[in-house]
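Chains P and W, in that order, give the protein sequences. For what it's worth, the working numbering labels the leading residue of the first sequence as 8, then goes sequentially. For what it's worth, the working numbering labels the leading residue of the second sequence as 6, then goes sequentially.
Read the hints as simulated data drawn from the structure, not as lab findings. Warning: the hint list may mix true and false statements.
Unchecked claim - Dumping the calculated DSBU-like pairs for lysine-lysine here, alpha-carbon to alpha-carbon at most 30 Å:
hint, chain 1, residue 1, chain 2, residue 2
1, P, Lys125, P, Lys96
2, P, Lys63, W, Lys105
3, P, Lys58, P, Lys96
4, P, Lys125, W, Lys105
5, P, Lys72, P, Lys92
6, P, Lys72, P, Lys96
Keep in mind that this is a model prediction, so the values were computed, not measured.
Here's the letter readout for the chains.
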Amino acid sequence: MRKYLILAALIACAAEAQNRSGLEFASEEIRRLQASDAENPGMLWVDQGAKLFAQKCASCHVSMKGVATRYPAVEDGRIVTLEAKVRHKQAFAYESDELLALTSYVAHQSRGMPMNTKISEKDVEKGKAAYYRRRGQMNLACAHCHEQNWGKHLGAETLSQGQPNGYPAYRLEWQKMGSLERRIRACMFGLHAELPPYGSDAMLELELFLVWRANGLPIETPAVRR
Amino acid sequence: MALARIDLPHEARRGELVEVRIVIQHPMETGFRRAPQGERVPRNAIHSLVCRYSGTEVFRATLSTGIAANPFLRFFLRATQSGDLDFWWLDDDEVQGAAKTHLVVSS
């Protein structure tokens, strides 16, 4: 009887195929770490971002609430991420503490708000193709893990859907905050594939597809992930 | 940039036990990691941390490389009088860090 119940639950799960945040695949300890602002180490970057924002951005901008829900966006045919938007004004290096602090601070103001990017299906065509394309010596596409096998195990890890709503996020593996681009590169590294450079078209297209796919999920920055 | 977040209740009654939590931004380099070009990243970890409450030392910790980056510490303190909580720490590069907060105690 119990077996059938589990089977029914699994089928229901697959039928729904709804978006699930990476948080749902994280361990109890990690979820607790993310939930507490006093313990979440990502809040250090949010604080640093608040200071930088006051120094460098506050003369024009006031509240950035809701801004992060709309990025990455397509502006004049180009894909623009939150990182690119900050770098347009302040030339911080990719993955520098300053850039991560500012993007985390801005994204944090939209915490809990659903991602709401105005991207059309046509915009994400290239990214979608990249998502389903096999790559690297492992000869796997993103979809093989994150679409066909999420919820199952790869070694000790539970495969997530690869949703981007927590980024920039604090990853225990990195021992610091990191962007969505760094996380994508980490997957590519695991596949022994070529790593697309930060801010490259290949990276941006994939990022855009992931965000389009995740529309509706709440922003969690600063999320904590393994 | 030495950055820390201290969390404790804003107010406490005299004699009450107060939970103090602190997260410090620090890489806590073990000295065993190597940079992409193969050169060793030198060890740099916070090795001592002291907390003073109204000038009196109430908590001291010895940290080492076994502790993850951005260390989190938690301890309890008996509220006696309103006063400052001063944190001070030192790492292997002899760089000092400090953070301060205030505790209001009502009788």
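Here is what the structure says about each hint:
{"no.": "1", "hint": "P:Lys125 x P:Lys96", "verdict": "holds (23 Å)"}
{"no.": "2", "hint": "P:Lys63 x W:Lys105", "verdict": "holds (25 Å)"}
{"no.": "3", "hint": "P:Lys58 x P:Lys96", "verdict": "holds (16 Å)"}
{"no.": "4", "hint": "P:Lys125 x W:Lys105", "verdict": "violated (44 Å)"}
{"no.": "5", "hint": "P:Lys72 x P:Lys92", "verdict": "holds (15 Å)"}
{"no.": "6", "hint": "P:Lys72 x P:Lys96", "verdict": "holds (19 Å)"}
In this structure, the one hint that does not hold is number 4.
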